[in-house]
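J.: Given the sequences, and given the hints that come with them, work out the whole structure.
Numbering of the sequence shown is given in our numbering, commencing with residue 1 and proceeding in unit increments.
It should be emphasised that the hints constitute simulated quantities derived from the structure, not laboratory data. Check before you lean on any hint, since a few could be wrong.
[What the hints assert, rightly or not] In silico EDC-like links for lysine to aspartate or glutamate, alpha-carbon gap of 16 Å or less: (1) Lys136 x Asp88; (2) Lys8 x Asp37; (3) Lys45 x Glu66; (4) Lys8 x Glu117; (5) Lys191 x Asp215; (6) Lys22 x Asp220; (7) Lys139 x Asp171; (8) Lys19 x Glu66; (9) Lys45 x Glu176; (10) Lys193 x Asp220; (11) Lys139 x Glu172; (12) Lys23 x Glu172; (13) Lys139 x Glu176; (14) Lys179 x Asp215; (15) Lys208 x Asp9; (16) Lys136 x Glu190; (17) Lys19 x Glu176; (18) Lys136 x Glu172; (19) Lys22 x Asp215; (20) Lys208 x Asp37.
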Amino acid sequence: MPLFERGKDYGVLSWNVFKSKKKDWAQDFVRLHSIYDILLLQEAKLNLSAPPFESYDPDYSWVFGESFVLNRCGSSCGVLTGSRIHADQAFNRHGPIREPLLNTPKSSAFAYYPILESAERLLIINAHLINFRTLKAFKQQLGQITEVISEHSGPVLFAGDLNTWSVSRKDELLNEMAKAGLSNVVFANEKRKFLLLDYIFVRGLWVKEAHLLYDIRSSDHLPLAMWFCLV
1 MPLFERGKDY
11 GVLSWNVFKS
21 KKKDWAQDFV
31 RLHSIYDILL
41 LQEAKLNLSA
51 PPFESYDPDY
61 SWVFGESFVL
71 NRCGSSCGVL
81 TGSRIHADQA
91 FNRHGPIREP
101 LLNTPKSSAF
111 AYYPILESAE
121 RLLIINAHLI
131 NFRTLKAFKQ
141 QLGQITEVIS
151 EHSGPVLFAG
161 DLNTWSVSRK
171 DELLNEMAKA
181 GLSNVVFANE
191 KRKFLLLDYI
201 FVRGLWVKEA
211 HLLYDIRSSD
221 HLPLAMWFCL
231 V
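T.: So this is what it looks like as structure tokens:
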């Protein structure tokens, strides 16, 4: 079974896939997934009537953080982490406050991956943070994540749709990440304006390249791409 190795390059794609609603999504996913070693998907929909994610590439190991089930069709929605390295531990946490109207929680998936010839493990966190609630609710869900990070001494990769649509949310996120020793990844071709929603943060990783995939239009979010190696 492969392990993460220090000094080796790995590719990451983080993307809110908009529940696979747009017609070109499957075509784009087939093209993209073969390029990257780690896939961090938000609003991933596991649909009984559609091919399972495993069918795209059997080499990927998947960790699903379910947010809710659509009772009418039995489909599940949440955050989905795929990796060519198998996790040796994984769990999901719902945010303590639910979204209004639909009464659905947001999820964070935590997965630990072994590193070759090391007692440390790589912690990968894939999160979709609360949207239509107060700053207090945002802080509570973010606090769940920083609590896990504080208990982990090894490298960390944290990404997702973090719903930082206000200055106060953005400031809270950046302050808490700085306290936890995580760096905000800067994308070389950044053209997004106003307040950003999607981020990648790292600790103990050397970011070699990071860019946005502007040519992908099969979601209401742009994919974030990054290449790194373990330091």
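J.: Would you mind marking each hint as holding or not holding in the structure?
T.: Here is what the structure says about each hint:
Straight-line distance between C-alpha atoms of Lys136 and Asp88 comes to about 33 Å, which puts the hinted pair past the 16 Å bound. The straight-line distance between the Cα atoms of Lys8 and Asp37 is roughly 12 Å, inside the 16 Å bound, and the hint therefore holds. With a CA separation close to 9 Å, the supplied pair Lys45 and Glu66 stays within the 16 Å bound. As the CA atoms of Lys8 and Glu117 are separated by approximately 13 Å, the hinted pair is consistent with the 16 Å bound.
For the proposed pair Lys191 and Asp215, the alpha carbon gap of about 13 Å is at most 16 Å, so the pair holds. Note on Lys22 and Asp220: the hinted pairing holds, with a Cα-Cα distance of about 9 Å set against a maximum of 16 Å. Distance restraint check for Lys139 and Asp171: the Cα-Cα separation of roughly 11 Å lies within the 16 Å cut-off, and the hinted pair is therefore satisfied. This hinted pair checks out: Lys19 and Glu66 have alpha carbons roughly 13 Å apart, not beyond 16 Å.
A distance of roughly 30 Å separates the Cα atoms of Lys45 and Glu176; the hinted pair therefore is violated under the 16 Å criterion. The hinted pair formed by Lys193 and Asp220 meets the criterion: a straight-line CA distance of about 15 Å does not exceed 16 Å. A C-alpha spacing of about 7 Å is found between Lys139 and Glu172, which places the hinted pair at or below 16 Å, so the restraint holds. Only pairs whose Cα atoms come within 16 Å are accepted, and Lys23 paired with Glu172 is rejected, the gap being roughly 36 Å.
Straight-line distance between C-alpha atoms of Lys139 and Glu176 comes to about 9 Å, which keeps the hinted pair within the 16 Å bound. For the suggested pair Lys179 and Asp215, the alpha carbons sit about 35 Å apart, so the restraint of at most 16 Å is broken. Restraint check for Lys208 and Asp9: satisfied, since their Cα atoms lie roughly 8 Å apart, inside the 16 Å limit. Between Lys136 and Glu190 the alpha-carbon distance is near 29 Å, which puts this suggested pair outside the 16 Å criterion.
With a CA separation close to 29 Å, the supplied pair Lys19 and Glu176 exceeds the 16 Å bound. For a cut-off of 16 Å, the pair hint linking Lys136 to Glu172 stands: about 10 Å separates their Cα positions. Note on Lys22 and Asp215: the hinted pairing holds, with a Cα-Cα distance of about 14 Å set against a maximum of 16 Å. Between Lys208 and Asp37, the direct Cα distance comes to roughly 15 Å. Compliance with the 16 Å bound is thereby established for this hinted pair.
Consistency note: the structure conflicts with the earlier hints numbered 1, 9, 12, 14, 16 and 17.
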